[in-house]
Amino acid sequence: GESVGLHLPTLSVQEGDNSIINCAYSNSASDYFIWYKQESGKGPQFIIDIRSNMDKRQGQRVTVLLNKTVKHLSLQIAATQPGDSAVYFCAENWPGTASKLTFGTGTRLQVTL
Amino acid sequence: DSGVTQTPKHLITATGQRVTLRCSPRSGDLSVYWYQQSLDQGLQFLIQYYNGEERAKGNILERFSAQQFPDLHSELNLSSLELGDSALYFCASSLPAFRSSGANVLTFGAGSRLTVL
Chain A
1 GESVGLHLPT
11 LSVQEGDNSI
21 INCAYSNSAS
31 DYFIWYKQES
41 GKGPQFIIDI
51 RSNMDKRQGQ
61 RVTVLLNKTV
71 KHLSLQIAAT
81 QPGDSAVYFC
91 AENWPGTASK
101 LTFGTGTRLQ
111 VTL
Chain B
1 DSGVTQTPKH
11 LITATGQRVT
21 LRCSPRSGDL
31 SVYWYQQSLD
41 QGLQFLIQYY
51 NGEERAKGNI
61 LERFSAQQFP
71 DLHSELNLSS
81 LELGDSALYF
91 CASSLPAFRS
101 SGANVLTFGA
111 GSRLTVL
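Protein sequence lines correspond, in order, to chains A and B.
Position 108 (the first sequence) corresponds to 108 in the working numbering; numbering is contiguous.
Position 10 (the second sequence) corresponds to 10 in the working numbering; numbering is contiguous.
Don't read these hints as lab results, they were simulated from the structure.
Possibly wrong hints are sitting among the right ones.
35 angstroms max Cα-Cα, derived DSBU-like pairs, lysine-lysine [stated by the list, open to error]:
#, chain 1, residue 1, chain 2, residue 2
1, B, K57, B, K9
2, A, K68, B, K57
3, B, K57, A, K71
4, B, K57, A, K42
5, A, K71, A, K42
6, A, K68, B, K9
7, B, K9, A, K42
Since the model is a prediction, treat every value here as computed from it, not as a measurement.
Work out the full structure: start from the sequences and follow the hints.
Listed below in structure tokens is the structure:
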């Protein structure tokens, strides 16, 4: 399940610094949004989600901000660690009984020591 | 281990051939989703099944087909393979949102890497 080789924008961050990964979504009717992390050799892994009626949600070392006015989502990682190195995808859920997730392009986070 | 099992992990085949990818969903999940991840397209939704029935279709080619069996495992069949079909194919499962109180969080398997030569 490697994502190595994907042609993605890359964010380089020094260990201990905060990381901010941005995402633009397309559907103003999306009812919730999810951030996934994909490490080398693995499938995407759930990090955090946020409903469209919220502006901010915090998890352990992560915060997601939602700006519906400009259809923008961000993931903030506090005190970035080498283990945070991965590709990060935002996904939006299009509502309906057959709801499905639509994924963004992804951002590669590289943590330097 | 996410609980979603995909086989095979790697597959190398020739153009024109047909392959089958298999997925066992996480215990208790009723929906299965297939995604394709290629170099220039990111994660593309292919198809979704819920409890054996097709529920949503994405950008799935006519050469591709899928099904979900009574035991809830799913197979993705790729035929008349072309070089451009080389990609990672992910299966994900979920308990659909209308069956739960929260977001429809998909749990992904580790993927099947298909190489068409």
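Structure-inconsistent hints, enumerated in ascending order: 6
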